[in-house]
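**Q** Make the full structure from the sequences, and use the hints.
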Amino acid sequence: AMEAPLSRHRALYKGPAAPPWKETYRRRCLERLRSSRERLLRRYRQAGPGPGALLVPEVMEHEWQSLQAERGDPDELAVLDEIQQELILQGNFSARFLTPLGAVLLLTCWPHSAEAVLLFL
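Numbering (my numbering), first residue to last: 2 to 122.
Please keep in mind that the hints were generated in silico from the structure rather than gathered at the bench. Bear in mind that the values here come from a model prediction, so they are computed numbers and not experimental data. Glycine included, each C-beta is placed from N, C-alpha and C at the ideal position. Worth double-checking, as some hints may not be accurate.
[Said to hold, decoys possible] Label-pair ranges, simulated between beta-carbon atoms: (1) 39 / 18: 15 to 25 Å; (2) 9 / 38: 34 to 44 Å; (3) 43 / 70: 24 to 34 Å; (4) 35 / 70: 15 to 25 Å; (5) 63 / 43: 10 to 20 Å.
**A** Rendered as structure tokens:
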């Protein structure tokens with residue numbers, strides 16, 4: 002009985018629950034970045050400021066591909082590719098800083114980043 006008012010209250014202020022794959026993907030990205038922090042820092046220092054910016058999207062893309070292989074759902078991948086192409090055409094992102102799905106993946110793993118704000122414009 003108490004759950005019904007609570008769920009109605011949540012529905013007023015929160016959108017539908019995120020799909021389970023999204024949380025799994027976010028968690029894997031964060032775990033992988035933490036576990037390989039030193040290696041990534043060493044690589045960043047050796048690569049200089051330009052290429053270093055691609056390290057996070059590379060990790061995110063690898064985790065996304067692993068998750069897609071487990072789920073076997075190519076439709077979501079196609080939707081994310083379409084969104085990325087729209088963003089490039091609108092000029093919100095430079096293609097040279099995007100790996101496949103890079104812009105969308107930043108939204109998934111880091112929802113408060115500047116890139117995520119641009120995705121909602």
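**Q** For every hint, state whether the structure bears it out.
**A** Hint check results:
1. 39 / 18: 15 to 25 Å: Because 35 Å falls outside the window, the suggested range is violated.
2. 9 / 38: 34 to 44 Å: 43 Å Cβ-Cβ, so the 34 to 44 Å window holds.
3. 43 / 70: 24 to 34 Å: holds (28 Å)
4. 35 / 70: 15 to 25 Å: At 22 Å between Cβs, range holds.
5. 63 / 43: 10 to 20 Å: holds (18 Å)
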